Amino acid sequence: MMPNEEQKKQLASILETLCEELDISPSQYADARNKYSAVGDWLAEEQSVLVQFDPKIYPQGSIRLGTVVKPLGGDEYDVDLVSELRMPEQIDQKVLKSLVGYRLSQNEKYKKMLKEKARCWRLNYAGQFHMDIVPAIPDSGKGNGCILVPDRNLREWLGSNPKGYTEWFKQKMRTREIAMEEARAEVEDLPDHDLSIRTPLQRSVQILKRNRDIAFSHDKEDAPVSIVITTLAAQAYNHEVDLYDALTNIIHGMPERIEQMNGYPVVLNPTNKAENFAEKWKSNPRSYEKFMKWLQNLQRGLWMTFMERDMRKLRDKLSPMFGENLVVKGLVTYAEKIERERKKGTLKTAVGSGLLGFTGTTIRSNTFYGK
Amino acid sequence: MGNKKYFYRNKPKLSIALQALHLRKTFPKSTTELNKDIGLVWRGIITPTPLSQTYSVTIKYRLGRRPDVTITSPPLDTYGNEKIPHVFDENRLCLFRYKYFEWDSTMRIDETIIPWTSLWLFFYEIWLATGKWCGGGEHPDNNKKKATNG
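Chains as they are written, first to last, in my numbering: chain R, 1 to 371; chain Y, 1 to 150.
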C-alpha cells in the first residue's frame, strides 16, 4: 500500500522522536564538553610534561558530527577525543602514547578512571561517558587539520583528519537548511523541547546506526563500521527536507556510492583518498555481504510500516528494527508532544475527516473523565 | 470560570436541526438522522492520525443532554487486564466535564465532541500500544487532575 504524504510525515515525526531519545541532550553535551576541556587544561598546564608540545584537545567522531546514538544496553555515551601534540614524525608511537597516559595518571582523579586501550586512553565517567583520548601529531606534509595517529600495534602512523571530515560532512548536510528552518519554525516551539536542531542527514545516520546496533547485536564482529555508514549516507543524501524521503533515498543510494579498487569494494575518506574506511571488507568479504543485506532489510522494514494502520501494529513493526523499549518510550513521548500542542491550543482537527494536525478547527480545552 | 457562566446564559442553545446542519456540512461523508424519539443520530468515520486505524463513531444527542458517543467498530480493545480509560459502560466515551464548563448546548458538536472523539481515539491507540494514557483527564474516585508526564 503506497503511503501518502501525511503518513510519511507522521512516520518521520515518530522516527525523529526515537532519535531524540537516543541522542545526547544539550545539557549532557555541555557536561561532556566541560569535562574534556578540563582534561585539556590538565594536559596543557605549566607543570605538565606535555606543555612544550602545545597540547590541544578536541572531539572527533559522532560527537563532533552530531550523530551520537546511545549504545545498546549501555548507560554511557562514547566521546571520542584527539589529543594533538606538536611533535615530529620521527617520534615513536609508543612514546607518544605513554606520555599522554603518564600525564593523565599524574592526576589523582583521572588515575582512578583511566584504562589503557590499544591506541588510546579511556577515561570512564561512570554512568555518563567513556572518553577515548587518541594521541596524535600533526601531519606536517599535508597541513589543513591533517593528523597522524598510531595504528593498533603502535608501529605505524595512520593518516586522519577529523576536522576536515567534519567540514565535509557539515557541507553535505547544510544544503536546504534554510528551507528546513522555515518549516521547523511553525512546529517546533515547545518550551521543553531540545534546542539542538539536527538535520535530516544527521537523523538518518542516527537511525542507520541504531538499526545496525540492533541487527548486529549478536554479530558485532561483522557489524558495519559507523564511519562507513556516515560517509556513504552523506554521499547519498540529496538535500531532502523530509526525514522519511531523506532516509529512504539514502538507504537506496548508499550501495551506488561504494567504489571498487583492485577488485575490492572500498569507501575512501573524501578528505584523504589514501584512506579506506572499509578495510574490513577486504580482510573479511562476508562482512561486505552482510552490509548489503542489512541495507535491503532496513529498506523493506521501513516500507512495511505502512502496510497496516494502528499504533500497536506500528509498534510491532518498529520494535524489531529499533528495540522495543525505545519504540514504546518514543510513542509515549510522541503522544506527550501532541498533548502539549493541544494544551497550547495549536492542535486542530481537519474538516471532513477529524484528522488531528495543524489545519482545521482548533481543539478546545476538555477533560477526559470516567473510569 | 465564573465568567463562562454568564456568557452561557446569553448565548442561544443550538437546536437539533442546527446541530445537524453543521454536522452535515463539516462531515459530508457522514450521515445525520433526526428522530422524534431519539433526537439526533450521527454516524461517521474518524481516522485520528494518518497511521491510525479507522473507527465508526455514533453520536446520539437530545437537546439539553450530554451527547452520547460510542465507537461501533472496531470493538474496543484493552491493554492486558486494564480497563479502558475514560469510558462509561465499557464503550461510551467521556469527553468533557460540565464542572469546567467545557461543553453546553450552545456549542457545536462538530467543533467540540467530534474533535475530542478523534483525540480520545488517538490516545486510546497509544494506550493500547504502550500501556500509558497520555491525554490527561480525571477519574471519579480521586478527583485530582492526572499528570500527563511520568
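Since the hints were derived computationally from the structure, they do not count as laboratory data.
Note that this is a predicted model, so its numbers are computed, not measured.
All C-beta atoms, glycine included, are put in the ideal place defined by N, C-alpha and C.
Warning: the hint list may mix true and false statements.
[What the hints assert, rightly or not] Derived pair list, reagent style SDA-like, types lysine to any residue, alpha-carbon separation capped at 25 Å:
(1) R:K317 to Y:D104
(2) R:K94 to R:K8
(3) R:K344 to Y:R108
(4) R:K70 to R:K317
(5) R:K344 to Y:Y100
(6) Y:K132 to Y:K60
(7) R:K313 to Y:D104
(8) R:K343 to Y:K29
(9) R:K313 to Y:Y100
(10) R:K343 to Y:T72
(11) R:K337 to Y:S105
(12) R:K112 to R:D132
(13) R:K329 to R:K170
(14) R:K313 to Y:K99
(15) R:K293 to R:S48
(16) R:K329 to R:E21
(17) R:K8 to R:Q299
(18) Y:K99 to R:K142
(19) R:K142 to R:K115
(20) R:K344 to Y:L76
(21) Y:K29 to R:K317
[To be verified] Interface residues of chain Y toward chain R, partial, derived using beta-carbon atoms under 10 Å:
(22) V41
(23) F88
(24) C94
(25) T106
(26) W116
Each hint, compared with the structure:
1. R:K317 to Y:D104: 42 Å, violated
2. R:K94 to R:K8: This hinted pair is violated, its Cα atoms lying about 52 Å apart.
3. R:K344 to Y:R108: 21 Å, holds
4. R:K70 to R:K317: Distance ~21 Å between K70 (chain R) and K317 (chain R) Cα, so the pair holds.
5. R:K344 to Y:Y100: Holds, at roughly 18 Å.
6. Y:K132 to Y:K60: 29 Å, violated
7. R:K313 to Y:D104: Violated, at roughly 37 Å.
8. R:K343 to Y:K29: Violated, at about 29 Å.
9. R:K313 to Y:Y100: Cα-Cα ~36 Å, so violated.
10. R:K343 to Y:T72: Roughly 29 Å separates the two Cα atoms, so the pair is violated.
11. R:K337 to Y:S105: Given that 25 Å is the threshold and the Cα spacing comes to 31 Å, the pair is violated.
12. R:K112 to R:D132: OK: K112 (chain R) and D132 (chain R) at ~15 Å, within 25 Å.
13. R:K329 to R:K170: 30 Å, violated
14. R:K313 to Y:K99: This hinted pair is violated, its Cα atoms lying about 37 Å apart.
15. R:K293 to R:S48: Cα-Cα ~50 Å, so violated.
16. R:K329 to R:E21: 8 Å, holds
17. R:K8 to R:Q299: 14 Å, holds
18. Y:K99 to R:K142: 75 Å, violated
19. R:K142 to R:K115: 32 Å, violated
20. R:K344 to Y:L76: Violated - the C-alpha atoms of L76 (chain Y) and K344 (chain R) are around 29 Å apart, more than 25 Å.
21. Y:K29 to R:K317: 31 Å, violated
22. V41: 17 Å, violated
23. F88: 5 Å, holds
24. C94: Nearest chain R Cβ about 3 Å off; hint holds.
25. T106: Where the cut-off is 10 Å and the nearest Cβ of chain R is about 13 Å from T106 (chain Y), the hint is violated.
26. W116: 5 Å, holds
Hint violations for this structure: numbers 1, 2, 6, 7, 8, 9, 10, 11, 13, 14, 15, 18, 19, 20, 21, 22, 25, all remaining hints satisfied.
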